[in-house]
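*Asks:* Line order of the protein sequences matches chains A and B.
Residue numbers for the first sequence follow our numbering, beginning at 1 and rising by one.
Residue numbers for the second sequence follow our numbering, beginning at 1 and rising by one.
Don't take every hint at face value.
What the hints assert, rightly or not - Footprint (simulated), chain B over chain A, 3 or more residues, beta carbon under 8 Å:
1. 61-67
2. 163-175
Unchecked claim - Simulated DEER-style distance windows between Cβ atoms:
3. A:190 x B:15: 52 to 62 Å
4. A:33 x B:100: 24 to 34 Å
5. A:51 x B:50: 49 to 59 Å
Stated by the list, open to error - If you want the ones that stay clear, here's a sample from chain B, every Cβ over 10 Å from chain A, calculated:
6. 2
7. 4
8. 5
9. 9
10. 22
11. 25
12. 33
13. 54
14. 66
15. 71
16. 78
17. 94
18. 100
19. 121
20. 122
21. 127
These are calculated hints, taken from the structure and not from any lab test.
Glycine included, every Cβ here is placed at the ideal spot set by N, Cα and C.
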Amino acid sequence: MHPVLRLLLPLLFTAAAGATDQSLIAGVFSPPRQAPDFSLSGSNGSELKLQSYRGRVVVLAFGFTSCPDVCPITLATLAQARKKLGADGNELQVVYITVDPERDDAERMRIYLAAFDPTFVGGTGTAGRLDAVRKEYGIAATRRAAGTGYLYAHSSFTYLIDREGKLHALMPYGHSADDYVHDLRILMAK
Amino acid sequence: MNALRRHGFLCAIAIFVIGATAWAGFAPIKPPPREALFEIPQGTWARRMSGSRIEILPAEIRLTLGLRDILVLRNLDDVPQIFGPTLLMPGQSLRLPFAVASSYTFVCTAHLSGQMTIVVDPWPASPRARIRWRVHELLTAKT
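The following block holds chain A by itself, in its conformation from the complex:
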């Protein structure tokens, strides 16, 4: 290879990678950091570790199964996006971590998530362990009284984690399934 070409090629690839990030609809981290791993009780009966999904693109969401609005909309959107991805949907893993360990045990999360998409995996654990995970990801969750029970006001965005386990982007609440498909295809092509 010509020495000049050898020098220019990495620059071109770097520029192309930058252009890809710029074209994401979601918010992009620069540079992306390694997504902190965790060990929680999975709704599928196994230990839930992020590294188990290395090689797939992960959408990481935080919420609770009694959430009246944000969580059902987000999960329905993600289920729709996975369908729209067709066969590529197998390259996607949705991980949903509860902020409400008091009510959300693994079985309750399994039933709740299966109503959206049976491949979605939930994570629960002790309050202390879930606090630590939220801290690592900068997730806010505040318990508030509501009628005779309680609700949580929580961060509503989702994280997009690439195949190498890098925390790549942040999708604010309210985006459509098509927006997710657009960004997930870009991350899957990386």
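Assemble chain B onto chain A, guided by the hints.
*Replies:* This is chain B only, laid out in the frame that chain A set:
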């Protein structure tokens, strides 16, 4: 003669004000850079720890769809900071485009109040909205 001169002067001012208002309301907007950059300076955490009550970011950031609707947050401090919606590592930035006009309130350790609001206004379609947008741009222009 003096009255005539005074009237002429007032007429000129009135014509100028009407002309400027019409221009502000109807002239097409030249798009500014779409990115609004906000940085946490290096040493912020250390200064806070030493008791200094510094406010380094506005409590409210205003963006406008289609004009300046991409928020760029950069953490130049030596420690991780919850900045806007997320945790940013030292040296890391987040480029966040907004597509929906709304008011977003986030937890933010960079603020003394621990909170930050981002108001995303709709694209100024009406003459009144354009005037408001231009006045806001004029008042917040960096010198």
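*Asks:* State for each hint whether it applies.
*Replies:* Verification of the supplied hints:
1. 61-67: violated (count 0)
2. 163-175: holds (count 4)
3. A:190 x B:15: 52 to 62 Å: holds, 60 Å
4. A:33 x B:100: 24 to 34 Å: holds, 27 Å
5. A:51 x B:50: 49 to 59 Å: Roughly 39 Å apart at Cβ, these two residues miss the hinted range, so it is violated.
6. 2: holds, 63 Å
7. 4: holds, 62 Å
8. 5: holds, 59 Å
9. 9: holds, 53 Å
10. 22: Its Cβ never comes within 10 Å of chain A, the nearest being 37 Å, so this holds.
11. 25: Residue 25 (chain B) clear of chain A: closest Cβ-Cβ about 31 Å, beyond 10 Å.
12. 33: Non-interface label on residue 33 (chain B) holds, nearest chain A Cβ at 14 Å vs cutoff 10 Å.
13. 54: holds, 22 Å
14. 66: Residue 66 (chain B) is indeed farther than 10 Å from all Cβ atoms of chain A, at 15 Å.
15. 71: For residue 71 (chain B), whose nearest Cβ neighbour in chain A is about 8 Å away, the distance does not exceed 10 Å, so it is violated.
16. 78: holds, 16 Å
17. 94: Given that some Cβ of chain A is not farther than 10 Å from that of residue 94 (chain B), nearest at about 5 Å, it is violated.
18. 100: At roughly 5 Å from the nearest Cβ of chain A, residue 100 (chain B) sits no farther out than 10 Å, so the non-interface label is violated.
19. 121: Label holds. Min Cβ-Cβ 16 Å, cutoff 10 Å.
20. 122: With a cut-off of 10 Å, residue 122 (chain B) remains clear of chain A, as the shortest Cβ separation is near 15 Å.
21. 127: holds, 29 Å
Of the numbered hints listed earlier, those contradicted by the structure are 1, 5, 15, 17, 18.
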